[in-house]
Amino acid sequence: METRWEGLLRREVVPRREAPTGLLPGASAQVGAGPSPRRPPGSPRGLGATRVKLHPTRICRTSPQVRVPGAVGEQSGPSRLSLGPCAALRTPAHRVPCPRQTSLEEHEGYCLIGFLPAPLRVQDTDAMFARGLKRKCADSEDSPPAPPACSLQRQSLLDMSLVKLQLCHMLAEPNLCRSVLIANTVRQLQEEMSQDSAWQVPAPASAGRGPLERLVSTEILCRTPWEQQGGHSAADSGGSPAPDLLSEPPGAPSAQAPRGAPGCAWEAASPRESRGGFQRSLDQIFETLDSKAPRAAEGLFADVDGPYYDLDAVLTGMVGAKSVPGDGFETLAPTGAPPPGVSYKRDLGELDHVVEILVET
Amino acid sequence: MGEDTDTRKINHSFLRDHSYVTEADVISTVEFNHTGELLATGDKGGRVVIFQREPESKNAPHSQGEYDVYSTFQSHEPEFDYLKSLEIEEKINKIKWLPQQNAAHSLLSTNDKTIKLWKITERDKRPEGYNLKDEEGKLKDLSTVTSLQVPVLKPMDLMVEVSPRRVFANGHTYHINSISVNSDCETYMSADDLRINLWHLAITDRSFNIVDIKPANMEDLTEVITASEFHPHHCNLFVYSSSKGSLRLCDMRAAALCDKHSKLFEEPEDPSNRSFFSEIISSVSDVKFSHSGRYMLTRDYLTVKVWDLNMEARPIETYQVHDYLRSKLCSLYENDCIFDKFECAWNGSDSVIMTGAYNNFFRMFDRNTKRDVTLEASRESSKPRAVLKPRRVCVGGKRRRDDISVDSLDFTRKILHTAWHPAENIIAVAAANNLYIFQDKVNSETH
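Chains as they are written, first to last, in our numbering: chain V, 1 to 361; chain Y, 1 to 447.
Since the hints were derived computationally from the structure, they do not count as laboratory data.
We treat Cβ as the ideally placed atom computed from N, Cα and C, and that holds for glycine.
Take the hints with a grain of salt, since some may be wrong.
Claimed, not checked - Lysine to aspartate or glutamate pairs mimicking EDC-like chemistry, simulated, CA-CA at most 16 Å apart:
id, chain 1, residue 1, chain 2, residue 2
1, Y, K383, V, E12
2, Y, K125, Y, E161
3, Y, K263, Y, D251
4, Y, K263, Y, E186
5, Y, K389, V, E12
6, Y, K370, Y, E380
7, Y, K383, V, E192
8, Y, K154, Y, D184
9, Y, K260, Y, D184
10, Y, K125, Y, D157
11, Y, K119, Y, D157
12, Y, K441, V, E12
Said to hold, decoys possible - If you want a taste of the chain V side facing chain Y, the calculated C-beta under 10 Å gives, among others:
id, residue
13, R10
14, L152
15, S179
16, L181
17, A183
18, Q188
19, E192
20, D196
21, S197
What the hints assert, rightly or not - Away from chain Y, derived, C-beta distances all over 12 Å, residues of chain V:
id, residue
22, S161
23, S194
24, A198
25, W199
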């Protein structure tokens, strides 16, 4: 282009403490609505007590390789994007340093659940995703049931998406467009996974423990919070897979049962189960986003200071603390949420087993 | 302007730290008025700042055409929705100027829920010489009045007054993402995620719903409205874009509720580029009619596309903004950058299109010569009279001296909002809390 662009003006917006200084000597501004006392930068918003902040803080970051290209830059942490500052931009009015901790301590940061296998670099993931995973799996369908790399990555993407959806759900002002896009991605992933698992023979528990446990964890984690809030619709759809869970591996030895039974059962039932479970959970997200039913709102704001969500409760092992017989889901609820209207047909003992596994690992 | 810059350097030096940005000062929208004389910016704190272009003067040719602050006012305040227990952000999502019909200027500004019409007037004269009141406005003692005088208007210091004339509230359940003034200058539309409403500028207590894509069952929701605009000449036509990458042109003469589109613009997906993120990156973040009204410009995550209104099957031109990100989509999904909504802009003659990118880069594409340029909006490059140097992102292979590699792009610094003067080659670019205005001196007229 034959043009030459040169700078005409650069104006920096000044913080609210000072009155706007950019006025010409000859002009004065009359504020129509009247200047209102502005909160100084660095303090939370005026109505912070009732605002549910984005709190991906209880999730442990375990995989430092999971990072955006660009975090490997020369400049020091905060100005380069890793997983932290992007979330920091969303927290109002204070700057947050890039998080590097790996503990469950509270920190502003945006992390995965941490089930990614360590050697999997993000760039590789990108390349695989870009190349069309499904086709690749189809080519190798006659290989032994060791989990193919594409399904691991698909699983990790699914984990990530579900975490995002949960966090969307927790926000005071959910961004509907974002939620819809993530939900569509989840649906697409779930469809591909169910199509792939339809080809695979259900793997024996010993061989496929890794990804199956991941499947388990995702199932548990995403089902329990969502089904808290929309219990009525769960009875209509997807109720049928539930009784099949326990009937599938009847002969499994009891020692193996905690690991194998849920593993096999989930894997075998995943075409129906995942579809039903995820669909239900997706539906409930949209319902609550749309209707903001009082009980959902209570669930959101019941205990701002307490554990924000069932995810946290599970990870920190608070499940066993208050177990009420016959209504184990109650323990996972935010303290102010009313119990779901429908009790689930799932075996709660099995649920406890699985959660204990999670807590132990 | 030099004076101001010096003052800022002295008092606000702590702001020079790049990484400290007050959230409330981040600019969220930029818009020129119809003549280009005024430029309005809105920020996340609900404040609107209007710049005015200085008239050319022979005395100081260097100050020709510079923009200075004209007025600042607080447009929206944070609110609380008691029914839903939700806080409503005061961030200004969009500003649209009304065509000027008298000495006053008017603009519409909107946050997530409420649209306001502001009137901006100047006062540079005031009456003096009242008989009953003295200069301060106090009543005179009648016994001191010995003769009568006629009050005269005397010039005074220029005062810019901004007052809210209308408040269009409670029209939307979801977050408003765009507003657009109709060419009839009487109506305008506002679009949220699922619905579009038509308002009359003088009536605030009711609006007409013209598009509603909310499904009967929210569980079936897969698509939302992302942007919408009225046709610049035909007052019955408008277009809205969706998160699935489609554009729908609707004719309000066809029906009261324009759920059924008149034209659907959709490009079939390229199967070789298909990934899990295909849908997300196809979501249209901005749509703009050309000044001529014949073309539409859309921005999705990786490309800008020019559509001819007469052809629905595919765009007539596609420009890659930052195709090197195509292999990084997973990371960008992870850090949410994939959901960034970039805007796009036409120049006055519809020959060049512009859009923002990461690392404070913005790109311009010349439709005639098919050449493009990448420029950076940064402190260093925006010193007055400093000429912008074209930048380049290298994707491996040969790397020139000033190239930036893809891995060292800063994804926290992004240019989402840009605007182009309606007639001249002057552009306004917003990067976080900084507003940059660039002018093309070589070709002052549009080319």
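Checklist entry - Can A183 (chain V) be said to touch chain Y, with a Cβ gap under 10 Å? => result 8 Å, holds
Checklist entry - Should the interface hint for E192 (chain V) be scored as holding, given a Cβ-Cβ cut-off of 10 Å against chain Y? => result Where the cut-off is 10 Å and the nearest Cβ of chain Y is about 8 Å from E192 (chain V), the hint holds.
Item to check | Restraint check for K154 (chain Y) with D184 (chain Y), where alpha carbons must lie at most 16 Å apart | outcome: 38 Å, violated
Checklist entry - Within 16 Å, alpha carbon to alpha carbon, are K263 (chain Y) and D251 (chain Y)? => result Holds. K263 (chain Y) to D251 (chain Y) sits at ~9 Å (cutoff 16 Å).
Item to check | Given pair status - E192 (chain V), K383 (chain Y), alpha carbons within 16 Å | outcome: Since the Cα atoms of K383 (chain Y) and E192 (chain V) sit roughly 53 Å apart, the hinted pair is violated (cutoff 16 Å).
Checklist entry - Should the hint that S197 (chain V) touches chain Y count as held when the rule is a Cβ pair under 10 Å? => result 17 Å, violated
Next on the checklist: Does E12 (chain V) sit within 16 Å of K441 (chain Y), going by the straight-line distance between their CA atoms?
Outcome noted: 23 Å, violated
Item to check | Least C-beta distance between S161 (chain V) and chain Y, which was stated to exceed 12 Å | outcome: At roughly 8 Å from the nearest Cβ of chain Y, S161 (chain V) sits no farther out than 12 Å, so the non-interface label is violated.
Item to check | Status of the Q188 (chain V) interface restraint (C-beta, 10 Å, chain Y) | outcome: It holds, given that the least Cβ distance between Q188 (chain V) and chain Y is near 6 Å, below 10 Å.
Next on the checklist: So, as I understand it, the hint says R10 (chain V) touches chain Y; can you test that by seeing if any CB pair is closer than 10 Å?
Outcome noted: 4 Å, holds
Checklist entry - Is the Cβ of S194 (chain V) farther than 12 Å from every Cβ of chain Y? => result Per Cβ check, S194 (chain V) is outside 12 Å of chain Y; nearest 15 Å; holds.
Checklist entry - Close enough to count: is the Cβ of S179 (chain V) nearer than 10 Å to one in chain Y? => result 9 Å, holds
Checked against the numbered hints given earlier, the structure breaks hints 4, 5, 6, 7, 8, 9, 11, 12, 14, 20, 21 and 22 and satisfies all the rest.
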